[in-house]
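First to last, the sequence lines map onto chains A and B. For the first sequence, the residue numbers in this note's numbering are 1 to 110. For the second sequence, the residue numbers in this note's numbering are 1 to 499.
Some hints here could point you the wrong way.
[To be verified] Below, a list of computed lysine to any residue pairs in the SDA-like style, where the Cα atoms sit at most 25 Å apart: (1) Lys-151/B x Ile-53/A; (2) Lys-151/B x Arg-109/A; (3) Lys-151/B x Phe-97/A; (4) Lys-151/B x Met-42/A; (5) Lys-151/B x Asn-101/A; (6) Lys-104/B x Ile-53/A; (7) Lys-104/B x Asn-96/A; (8) Lys-151/B x Ala-83/A; (9) Lys-151/B x Asp-103/A; (10) Lys-338/B x Ile-209/B; (11) Lys-151/B x Phe-4/A; (12) Lys-367/B x Val-391/B; (13) Lys-290/B x Ile-209/B; (14) Lys-104/B x Phe-97/A; (15) Lys-338/B x Arg-444/B; (16) Lys-104/B x Asn-101/A; (17) Lys-367/B x Asn-14/A; (18) Lys-104/B x Thr-19/B; (19) Lys-151/B x Asn-106/A; (20) Lys-151/B x Leu-66/A; (21) Lys-104/B x Phe-94/A; (22) Lys-151/B x Ile-22/A.
What the hints contain is simulated information worked out from the structure, not anything from laboratory work.
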Amino acid sequence: MQDFIHWLQAPGLNHFLIISGILFSLGVFAILTRRNAIMVLMGIELVLNAANINFIAFSRYITNTLDGQVIAIFVIILAAAEAAIALAIVLNIFQNFNTVNVDELNQLRD
Amino acid sequence: MVEQTLHSLSQFLPETTLTITFCISILAGLILRNKPKVIPVISFAGILLATVFAVRQMGSSQAVFSGMIVVDPFAVFFKLLVGSTAVIIFLFSIYSQEVQSTLKRLVEYSSLLVAMTLGMFLMAGAVNLLMMVLAIELTSLSSYILAGYTKEAPDSSEASLKYIIYGALSTGLMLYGISILFGLTGATDVYAINRSLAATSVNSVALLIAVLLIIAGFGYKISAVPFHFWTPDVYEGAPITITAFLSVASKAAGFAMLIRFFKISFIDFNLLAAHAGGVWGLLQGFEWNKILAILSVLTMTLGNLVAVWQNNLKRLLAYSSIAHAGYMLMGVVVLNDKGLAAVLVYFMVYLFMNLGAFYVVMLVANKVGSEDIDSYKGLGYRSPFISVAMVVFFISLAGLPPTAGFIGKLFLFAALLDARWVWLAVVGALNSVVSLYYYVRVVRNMFLRDPEGSTEPIRFSFPQMAILLLLLVPTLLFGLFYSPIVELANASVLMFGVR
């Protein structure tokens, strides 16, 4: 227990990788299990931000350049653009189907 | 620095033209509110001009914008492919009822098509993983909107939601993979990744996970199994013109990136020099081509087997396009010049035959109002010319002589046998036989069944026939005179920085 607290007190690369791994898993879990389209989109945001944490951590501890930080800024912009379009599409879905439950959208199937 | 940027800009002419066209299209849409039909003409002219500029880049080989993008024969080839597809799609749009019935939003339609083309041009030349992701996103964000263009139709909006959820997920997975690869090699530039992998050995489990996640991003773009789930739904729900564009151009750009990523990142250049282009050694002992071979077999087998059960022709063509992605992946498995040239030949042929099949589906859907295979019963008597053209496109898609599709398959199989991938070639040949079955089912409905309901002949206007001939003639001609396309493909496999 004492060791664990000491390990927590000195954050290094592994701490960030573990956090981003947890965030990534939560994101994928949300995408696979949530039925509400908005919740699925939030899961996707988690996956993108997990990648961001990785980029910044590697940039700080491994390459010692600003590459990772710059990539993270691009990814944030990309996530914003994607969210804007996704929400517009969800709005359109709601007008057509009166629901945002992805399971009930099954007009197109084999 | 300034000089370099100016030089880069001069090599960036096709993309600059598309960007300016995009802006002009939107502005003109705001100003000429009462004449929406002018906007597609502006966009069409811009894409045509960009394609001409791309032709003028032929033969040059250099990196621009600090090595984010390259201009090399390989990129120029895919720019031409995407540009000509976009031009043909604009011609299709003139006669598409889905597009012409929403005149007010024609501005969105044509400007987003330009944005999509721009994204694909960038995909063709990107050599930095960040640039690749941004180019994929530019293409995808435009295509999400276009898939749901007829927004009153529930099918179309459902297609766009499914598209954006799968698309965003695979981008997320790909970015996570890139972040791991960045940590392992300290670079996102494919040349730097290659140098780093050649110099130091990395954790192989982490590398495997990273590359599998990155394959998820590429696999979604080329609709390879198991990342294909969006394809049938989106192809069925989207307007036919957009479906046709996605099935050819988007796939081509995805393949361009996939090939560039694998060929530059993981090839052992020392071994390559020793064998003079014969055997391709891969870095770190990873046999990525075996993973790609498995993907290819899964893709073509699933595409062909599921297509057999389809009753909607658009959906059938969606599964057939998945199968064709599988065939082309066989060429990527070989990964030497011969295999890549075969993929390029296949793409040139695929452009004409697949766009042709979609064009006939669109013309018939305009008149009959349905894409069901049953509504094609007796079409051979009601509209002989269209039906014969459809038969030619289907024979070509199945890969039988004397059509161009045969040449495409011939070069692929020759490259596979040359590199001793005999079992893969056998699986590919068996798959072609399965594909023949579902194509012939449509042909049987057209010629060997009596028309149901109306037996009136269906007539099409002269310009509509001219567009059909534009696609039909190359499909037949390249089956007999194939040396020009083979020469172009052989000249286009050269990539910047390889040998």
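Checked hints:
no.	hint	verdict
1	Lys-151/B x Ile-53/A	violated, 37 Å
2	Lys-151/B x Arg-109/A	holds, 19 Å
3	Lys-151/B x Phe-97/A	holds, 12 Å
4	Lys-151/B x Met-42/A	holds, 24 Å
5	Lys-151/B x Asn-101/A	holds, 18 Å
6	Lys-104/B x Ile-53/A	violated, 44 Å
7	Lys-104/B x Asn-96/A	holds, 20 Å
8	Lys-151/B x Ala-83/A	holds, 18 Å
9	Lys-151/B x Asp-103/A	holds, 20 Å
10	Lys-338/B x Ile-209/B	violated, 29 Å
11	Lys-151/B x Phe-4/A	violated, 55 Å
12	Lys-367/B x Val-391/B	holds, 19 Å
13	Lys-290/B x Ile-209/B	holds, 15 Å
14	Lys-104/B x Phe-97/A	holds, 24 Å
15	Lys-338/B x Arg-444/B	violated, 37 Å
16	Lys-104/B x Asn-101/A	violated, 30 Å
17	Lys-367/B x Asn-14/A	violated, 63 Å
18	Lys-104/B x Thr-19/B	holds, 23 Å
19	Lys-151/B x Asn-106/A	holds, 17 Å
20	Lys-151/B x Leu-66/A	violated, 43 Å
21	Lys-104/B x Phe-94/A	holds, 22 Å
22	Lys-151/B x Ile-22/A	violated, 38 Å
The structure does not agree with the numbered hints 1, 6, 10, 11, 15, 16, 17, 20 and 22 stated previously, though it agrees with the rest.
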